[in-house]
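Undergrad: Now for the letters of each chain:
Protein chains: 2
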Amino acid sequence: MSENTSGADNQQERFLVHPFTSEYVVGLVDGEGYFSVTAKIRERKNYRAHEVSLVFGMKLSEKDGKVLEFLRDYFGCGNLHYCRDLRENFCNCIEYQVRSQKDVLGIIIPFFRKYPLKFPSKQKAFKYFCEIADIVIKRKHLDEKGIKKIQHLSKLMH
Amino acid sequence: MSENTSGADNQQERFLVHPFTSEYVVGLVDGEGYFSVTAKIRERKNYRAHEVSLVFGMKLSEKDGKVLEFLRDYFGCGNLHYCRDLRENFCNCIEYQVRSQKDVLGIIIPFFRKYPLKFPSKQKAFKYFCEIADIVIKRKHLDEKGIKKIQHLSKLMH
Numbered sequence: 040m041s042e043n044t045s046g047a048d049n050q051q052e053r054f055l056v057h058p059f060t061s062e063y064v065v066g067l068v069d070g071e072g073y074f075s076v077t078a079k080i081r082e083r084k085n086y087r088a089h090e091v092s093l094v095f096g097m098k099l100s101e102k103d104g105k106v107l108e109f110l111r112d113y114f115g116c117g118n119l120h121y122c123r124d125l126r127e128n129f130c131n132c133i134e135y136q137v138r139s140q141k142d143v144l145g146i147i148i149p150f151f152r153k154y155p156l157k158f159p160s161k162q163k164a165f166k167y168f169c170e171i172a173d174i175v176i177k178r179k180h181l182d183e184k185g186i187k188k189i190q191h192l193s194k195l196m197h
Numbered sequence: 040m041s042e043n044t045s046g047a048d049n050q051q052e053r054f055l056v057h058p059f060t061s062e063y064v065v066g067l068v069d070g071e072g073y074f075s076v077t078a079k080i081r082e083r084k085n086y087r088a089h090e091v092s093l094v095f096g097m098k099l100s101e102k103d104g105k106v107l108e109f110l111r112d113y114f115g116c117g118n119l120h121y122c123r124d125l126r127e128n129f130c131n132c133i134e135y136q137v138r139s140q141k142d143v144l145g146i147i148i149p150f151f152r153k154y155p156l157k158f159p160s161k162q163k164a165f166k167y168f169c170e171i172a173d174i175v176i177k178r179k180h181l182d183e184k185g186i187k188k189i190q191h192l193s194k195l196m197h
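Protein chains in written order, with the working numbering: chain R, 40 to 197; chain U, 40 to 197.
No lab work stands behind these hints: they were computed from the structure.
Do not rely on the hints blindly, as some may be mistaken.
What the hints assert, rightly or not - Only pairs whose alpha carbons sit at most 25 Å apart, straight line, appear in this in silico DSS-like list of lysine-lysine:
(1) U:Lys177 to U:Lys188
(2) R:Lys102 to U:Lys98
(3) U:Lys79 to U:Lys153
(4) U:Lys184 to R:Lys105
(5) U:Lys166 to R:Lys105
(6) U:Lys184 to U:Lys141
(7) U:Lys84 to U:Lys102
(8) U:Lys98 to R:Lys163
(9) R:Lys163 to U:Lys177
(10) R:Lys163 to R:Lys79
(11) R:Lys194 to U:Lys105
(12) U:Lys153 to R:Lys105
(13) R:Lys98 to U:Lys188
(14) R:Lys153 to R:Lys184
(15) U:Lys102 to R:Lys194
(16) R:Lys184 to R:Lys166
(17) R:Lys102 to U:Lys166
(18) R:Lys98 to U:Lys98
(19) R:Lys102 to U:Lys79
(20) U:Lys184 to U:Lys163
(21) U:Lys179 to R:Lys163
(22) U:Lys163 to R:Lys102
(23) R:Lys102 to U:Lys153
(24) R:Lys166 to U:Lys84
(25) R:Lys98 to U:Lys163
(26) U:Lys79 to R:Lys98
(27) U:Lys105 to R:Lys166
(28) R:Lys105 to U:Lys84
(29) U:Lys98 to R:Lys166
(30) U:Lys102 to R:Lys153
(31) U:Lys105 to R:Lys153
(32) U:Lys79 to U:Lys187
All of these numbers come straight from a predicted model, not from anything done at the bench.
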C-alpha cells in the first residue's frame, strides 16, 4: 500500500477486502435485521388458500447499501430492492430480503441456530419464526388450526 | 445441560456464556452505535472557554438493555443510563455512553482503528471523529481556528 494513501482510503480498502464473518453478521442482524411472517387466508368463490410468507431482511440507508450486497453474497441468497422515500427528513433505502421458503429454511434458519443472536428481542422473534417454520414444514398451516396458530405466533414475535 | 431445557432456555444460556467478540461488536456498532461531538465556545464576563465533548454511544430499547451491560463490560469503560419515553409508540430505552476523554482516546478509538467499521456512513463519522480527537490531543481546540475546525468537522460527520 502506498504511503500516500489516506486513512479513509485504507479503511475503504480494508472494507473491500475484509470478508464478513459469522460474528459480524450476528452483530449486524441483532441491530438491524428482522424476521417477519404474514399468514393470510384467501377466500374466493371456488377456493380457499392458506398463504404463509416467512421473510428475513434488513433495510439500510442507500449510502450503506454496499453492506447489503456483501450480506447477500455472504448468504448466497435473497434480493435487494430500492425504496424511494420522498418524505422530509427521510432518506432513500436499500432493502435486502430472503423470501424464498427454500432459502429461509435451508440457509437463514440453520445459520442463526448455529450462531445465536444475542438481543433478547431478536432471540424471541427468531424462536417464534422457527416455530412457524416448523408448522409450515409439516404442512400443518393448511388446516384451520395450523394457520390460526401461525397468526397467533406471528403477533408474539414483536 | 438438561435435556428438558427448551430452545429458548438454551439460547438464553448461550447468550450468557457466549462472550462478545471484536467482530460481533463491529457489526453491532455498525448497526446501532454512534460517534458524536459537541464543540462550544462559552463566553462570560471574565472568561472564554472552548469545550469539546467526544462521545461514543449506543441506545437500545430497554428490553435489549442487557446487551449494553455486556458491551460496557467488553470495553471496560462507559456508563449506562435509563431514558424514559412517555410518547405513544415509543419505548423506554437504555443508553450506553463513553464520555470520558481518556477512555474515548485510549480505548474506543484504538479499538475501531484495529477493527474497522464496514458501513460507509460509520467509517466517515469515525474518520472525522478521529480528526477531531487529534485536534484535541494537540490542544489546538483551545485556539479560535481549532474550535472552528472542530465545529466544521462535526457537521461533516453525519
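Undergrad: All the hints need checking, so say for each whether the structure fits it.
TA: Comparing the hints with the structure gives:
At roughly 13 Å between alpha-carbon atoms, U:Lys177 and U:Lys188 fall within 25 Å of each other, so this suggested pair holds. Restraint check for R:Lys102 and U:Lys98: the C-alpha separation of about 21 Å stays at or below 25 Å, so the hint holds. Between the alpha carbons of U:Lys79 and U:Lys153 the distance comes to roughly 30 Å, so the proposed pair goes past 25 Å and is violated. Proximity of U:Lys184 to R:Lys105 is assessed by CA-CA distance (about 36 Å); at most 25 Å being required, the pair is judged violated.
The straight-line distance between the Cα atoms of U:Lys166 and R:Lys105 is roughly 18 Å, inside the 25 Å bound, and the hint therefore holds. Distance hint between U:Lys184 and U:Lys141 is fulfilled; the C-alpha atoms sit about 24 Å from each other, no more than 25 Å. Restraint check: the Cα-Cα separation between U:Lys84 and U:Lys102 comes to about 47 Å, which exceeds 25 Å; the hinted pair is violated. At most 25 Å may separate the alpha-carbon atoms for a hinted pair to count; U:Lys98 and R:Lys163 meet this at roughly 20 Å.
At roughly 48 Å between alpha-carbon atoms, R:Lys163 and U:Lys177 are farther apart than 25 Å, so this suggested pair is violated. Restraint check: the Cα-Cα separation between R:Lys163 and R:Lys79 comes to about 22 Å, which is no more than 25 Å; the hinted pair holds. Of the pairs offered as hints, the one joining R:Lys194 and U:Lys105 holds, with about 23 Å between alpha carbons and a cut-off of 25 Å not exceeded. Using a Cα cut-off of 25 Å, the hinted pair U:Lys153 and R:Lys105 holds, with the two alpha carbons roughly 21 Å apart.
Distance check on the hinted pair: R:Lys98 and U:Lys188 sit about 34 Å apart at the alpha-carbon level, beyond 25 Å; violated. Annotation: proposed proximity of R:Lys153 to R:Lys184 is violated, straight-line Cα distance about 30 Å (limit 25 Å). In summary, the hint linking U:Lys102 to R:Lys194 is supported, as the alpha carbons are separated by about 17 Å, within the 25 Å threshold. Note on R:Lys184 and R:Lys166: the hinted pairing holds, with a Cα-Cα distance of about 20 Å set against a maximum of 25 Å.
Straight-line distance between C-alpha atoms of R:Lys102 and U:Lys166 comes to about 16 Å, which keeps the hinted pair within the 25 Å bound. For a cut-off of 25 Å, the pair hint linking R:Lys98 to U:Lys98 stands: about 18 Å separates their Cα positions. Using a Cα cut-off of 25 Å, the hinted pair R:Lys102 and U:Lys79 is violated, with the two alpha carbons roughly 29 Å apart. Distance check on the hinted pair: U:Lys184 and U:Lys163 sit about 22 Å apart at the alpha-carbon level, within 25 Å; holds.
Only pairs whose Cα atoms come within 25 Å are accepted, and U:Lys179 paired with R:Lys163 is rejected, the gap being roughly 49 Å. For the proposed pair U:Lys163 and R:Lys102, the alpha carbon gap of about 11 Å is at most 25 Å, so the pair holds. Note on R:Lys102 and U:Lys153: the hinted pairing holds, with a Cα-Cα distance of about 23 Å set against a maximum of 25 Å. The suggested pairing of R:Lys166 with U:Lys84 is violated, with an alpha-carbon distance near 62 Å, which exceeds 25 Å.
About 20 Å separates the Cα atoms of R:Lys98 and U:Lys163, which keeps this hinted pair within 25 Å; it holds. Among the hinted pairs, U:Lys79 with R:Lys98 is inconsistent with the structure: their alpha-carbon atoms are about 35 Å apart, more than 25 Å. About 18 Å separates the Cα atoms of U:Lys105 and R:Lys166, which keeps this hinted pair within 25 Å; it holds. Of the supplied pair hints, the one linking R:Lys105 and U:Lys84 is violated, its CA atoms being roughly 52 Å apart against a limit of 25 Å.
Taking the CA atoms of U:Lys98 and R:Lys166, the gap is about 24 Å. The hint holds against a cut of 25 Å. Distance check on the hinted pair: U:Lys102 and R:Lys153 sit about 23 Å apart at the alpha-carbon level, within 25 Å; holds. Restraint check: the Cα-Cα separation between U:Lys105 and R:Lys153 comes to about 21 Å, which is no more than 25 Å; the hinted pair holds. With a CA separation close to 9 Å, the supplied pair U:Lys79 and U:Lys187 stays within the 25 Å bound.
Of the numbered hints given earlier, the model fails hints 3, 4, 7, 9, 13, 14, 19, 21, 24, 26 and 28; all others are met.
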